[in-house]
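A.B. asks: For the record, the sequence lines run as chains A and B.
Residue numbers for the first sequence follow the numbering used here, so the first one is 1 and each next one is one higher.
Residue numbers for the second sequence follow the numbering used here, so the first one is 497 and each next one is one higher.
For the record, the hints were derived by calculation from the structure and aren't laboratory data.
Where hints are given, some of them may not hold.
What the hints assert, rightly or not - Distance condition first, Cα-Cα at most 25 Å in a straight line; then the derived BS3-like pairs of lysine-lysine:
hint, chain 1, residue 1, chain 2, residue 2
1, B, 951, A, 455
2, B, 986, A, 40
3, A, 476, B, 690
4, B, 972, A, 411
5, B, 721, A, 490
6, B, 832, A, 40
7, A, 482, B, 907
8, A, 411, B, 584
9, B, 879, A, 15
10, B, 986, B, 951
11, B, 978, A, 194
12, B, 524, A, 383
13, B, 721, A, 225
Listed below are the residues making up each chain.
Protein chains: 2
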Amino acid sequence: MPEKFKDASPDEIDKAMQVAARASEEFKKFSLEQRAGFMKAIAGNLENAGEQLISMAMKETHLPQARLQSEKMRTVFQLNNYAEACAKGDWMQVSMDTADQNRTPPKPDIRKMMVPLGPVVVFGSSNFPFAYSTAGGDTACAFAAGCPVIVKAHPAHAGTSQMVAELIMEAVQTCNMPGGIFTHIHGAGIETGKQLVLHPHTKAVGFTGSFAGGKQLFDWGNQRKVPIPVFSEMGSVNPVFLLPGKLKNSAAEVAAMYATSITLGVGQFCTNPGLIIGIGGEELDKFIAALGQKIKEVAPAVMLHPGIASAFNKNKERALGQKGVHVAAVSDVQAKENEGWPTIAFTSAQVFLANPLLHEEVFGPYSLVIKCNSNEELLDVTKALQGQLTATVMASVEDIHAHRSLIEAIKNICGRLLYNGVPTGVEVCLSMQHGGPFPATTDSRFTSVGADGIKRFARPLAFQGWPNELLPDELKDENPLKIWRTINSKITPPGL
Amino acid sequence: MPEKFKDASPDEIDKAMQVAARASEEFKKFSLEQRAGFMKAIAGNLENAGEQLISMAMKETHLPQARLQSEKMRTVFQLNNYAEACAKGDWMQVSMDTADQNRTPPKPDIRKMMVPLGPVVVFGSSNFPFAYSTAGGDTACAFAAGCPVIVKAHPAHAGTSQMVAELIMEAVQTCNMPGGIFTHIHGAGIETGKQLVLHPHTKAVGFTGSFAGGKQLFDWGNQRKVPIPVFSEMGSVNPVFLLPGKLKNSAAEVAAMYATSITLGVGQFCTNPGLIIGIGGEELDKFIAALGQKIKEVAPAVMLHPGIASAFNKNKERALGQKGVHVAAVSDVQAKENEGWPTIAFTSAQVFLANPLLHEEVFGPYSLVIKCNSNEELLDVTKALQGQLTATVMASVEDIHAHRSLIEAIKNICGRLLYNGVPTGVEVCLSMQHGGPFPATTDSRFTSVGADGIKRFARPLAFQGWPNELLPDELKDENPLKIWRTINSKITPPGL
């Protein structure tokens with residue numbers, strides 16, 4: 001059971017936002033290096049945290065120790081990686097166009113850099129107690145952008161969140177940062193979140209979770225007198241396309257890869273492959289049999305919290321109850337209370353196309369195989385899919401050449417396109433795109449994984465006609481920060 | 497009077513969007529060079545258009561020939577400039593992280609580039625018949641991003657819009673582009689715009705105009721089943737801060753600059769300076785007298801259309817009718833029907849702070865001077881301002897050092913910060929930021945002027961684990977397009 005904390009009162013929330021707004025002005029005065037140092041201090045505190053942190057997370061999330069250890073180290077890596085990106089300054093996309101007095105009319109001097117949006121509200125996610133919660137990706141990006149952060153703890157792991165919050169507050173102290181740049185708030189009800197999103201001092205929101213939750217925050221953000229960007233990552237079904245050449249040569253190998261991917265972390269990843277699509281026939285049946293065989297061998301495990309387990313059961317049963325949907329395999333071990341029972345089902349493209357319910361995510365260890373009658377039907381299914389975080393093509397090179405229109409249709413619906421891989425396991429690097437067309441996320445133009453996520457919480461500000469001595473360091477002629485800049489439309493290294 | 501055209505029927509609009517969606521798939525197959533060539537062909541057609549185009553625009557907008565000629569050439573410049581940026585590819589922010597098989601777990605190969613959002617609906621603006629209408633900035637950016645464009649002509653210059661549309665269609669033909677990448681639609685009523693924004697095939701919207709119009713489009717865009725980005729540029733009052741040192745030494749010079757800026761184009765620019773803020777006293781009174789003297793000498797002129805002229809009169813009279821607002825000067829020449837009568841008013845900070853109506857834009861040749869009692873009041877006024885496209889500081893270097901908090905507060909509310917200049921005249925260059933905090937625009941993170949405006953209509957797509965031969969040219973190892981790319985987090989020139 002999670003630790004219990006008192007919900008923040010409306011007055012406490014208002015006070016936190018007032019404090020954050022004032023701290024925002026102070027935080028801006030710190031250099032990129034200082035911001036990065038602060039983030040690295042949080043990373044250090046997290047890395048060196050005692051074993052009680054992992055114990056608390058195990059107790060609250062039922063995730064195994066090894067997974068939590070590695071998620072903690074991923075979180076440390078993210079903080080350090082975004083800190084380096086922050087200090088390096090590429091994300092600021094500094095551009096300078098110099099004056100030309102001889103032109104008619106004279107061309108002014110204009111220089112542009114990124115400035116922070118202001119206080120960012122981050123909602124802890126249920127499935128990543130470290131990496132997408134209190135000191136997770138959204139928090140790290142917001143700090144890197146120069147924004148104060150107000151975290152609303154996820155009630156399912158409030159104790160873990162509280163412990164991580166204390167590590168952040170310790171770093172605030174040791175780095176002599178303004179106290180108000182970080183606030184940790186508890187609140188189990190919807191009202192806490194609503195007040196935070198609607199507060200006039202809130203300038204942006206980061207969220208990872210369900211469609212219902214993320215869409216509600218997005219709507220609140222847009223309905224404000226002054227609308228704000230709400231970055232909700234709402235998961236997806238992550239379709240996998242099995243093309244004939246690959247299926248023929250590697251059905252057993254693909255089945256083994258996917259049995260692991262579908263059941264990894266009891267299927268509790270937003271990149272979990274929930275749909276597998278191929279052309280029906282002997283080869284696909286062999287694949288389903290091989291996948292089913294592997295799934296039977298995967299034991300059920302306890303899900304993050306009872307609410308998630310009961311939602312998984314309800315959604316899975318509802319999907320399996322649809323006309324034309326058949327169970328292909330379940331784990332040989334019967335699931336106990338709060339456990340997720342690994343399950344594979346199959347249906348026809350016709351059934352899938354006619355039933356919107358089957359397009360929805362079933363969060364947990366479940367995947368639906370769709371048998372298409374033809375390449376045309378494969379294309380129809382693809383075009384009928386909603387926006388996705390990822391899509392995966394399992395294919396030979398020849399398959400790709402033979403399915404050009406299909407590949408283009410798949411590109412239209414996803415943020416990350418994999419070839420002969422599995423979508424679970426999201427690499428933290430600059431080239432990562434973790435954000436897809438709605439409803440995967442509320443803004444497909446941004447990512448919530450990788451240092452480009454910093455750009456979510458900043459906006460460009462142009463300076464026109466300012467004397468060099470009065471410009472921010474980022475824009476000064478002599479480039480004291482030694483950052484890459486675009487000068488008169490040419491990308492220019494520091495020193496030139 | 498504007499030319500009259502038949503409004504598009506709901507069926508015609510639906511058909512146009514279907515055609516655009518199909519063309520979107522075809523358009524993607526053209527290279528960056530081919531897109532750029534197409535944009536340059538439009539620029540060429542516009543540059544070489546016969547005198548009838550300017551005559552039509554003069555008849556419909558009442559703008560003088562010289563202004564329209566120069567706006568036309570600005571539009572040609574924009575198309576060519578964004579075409580060059582398109583081909584150069586920096587805007588795509590290509591990033592590659594290469595694989596590392598020796599890491600545990602192995603690091604995958606991930607490469608990211610921008611892909612087009614899909615069909616973009618552009619609303620012609622009333623005040624820029626060329627530069628922010630049919631072949632204007634939004635259209636050029638959308639084409640550069642690889643998106644088909646559906647233009648809704650502004651009914652006040654529908655004939656001009658029709659002529660420019662034909663020049664674009666000519667370029668579609670000569671460049672062998674898919675026909676559906678450009679559609680021109682007439683529609684005087686609100687229903688045409690509503691259907692266009694709500695159509696499922698519409699993927700983004702560009703708009704320049706009033707707050708009421710832009711906010712409505714934004715709300716429609718967000719209320720869709722699948723929300724889309726709506727970039728509304730809704731103007732602002734563009735505050736000018738007169739600091740004491742500057743005022744003391746250059747009151748007459750500043751007054752002359754601002755009399756010209758306030759009345760330029762009969763005040764019909766979104767960057768028109770509508771508020772001038774200073775510390776009350778002898779120096780500010782001298783400035784107001786000098787500004788008034790200059791304004792008296794500026795003759796009224798016909799505004800864009802009767803609706804704009806009547807709105808100007810109504811809004812100006814309403815502002816002047818507020819308690820505590822006093823007229824400082826009006827033009828010596830009485831305005832005739834449909835003309836804008838240059839007017840300067842003044843009030844106290846106290847009156848301004850207590851009356852939200854005085855914060856609203858009066859679109860036309862009108863500016864309100866605010867007299868503050870102290871630096872504290874100056875800061876209070878600044879913090880009470882809404883989001884702005886621009887803010888201008890008229891100041892000596894010493895003034896800036898003496899007003900640090902004020903400058904920081906000004907940065908918070910604007911997208912472009914000018915020093916000792918005038919906000920009118922928006923340079924088309926990469927460093928320009930034309931987009932400010934709401935309500936200046938609906939998304940302060942993007943610009944509608946300068947080649948960075950292309951980024952509004954594209955989103956990142958990451959490719960994971962793809963063999964080199966199957967990757968788009970932008971991402972291939974050998975870099976056939978010779979673009980700058982970030983490789984393993986290092987900005988890397990072509991050839992490396």
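A.B. asks: Which hint numbers doesn't this structure obey?
C.D. replies: 3, 5, 6 and 11
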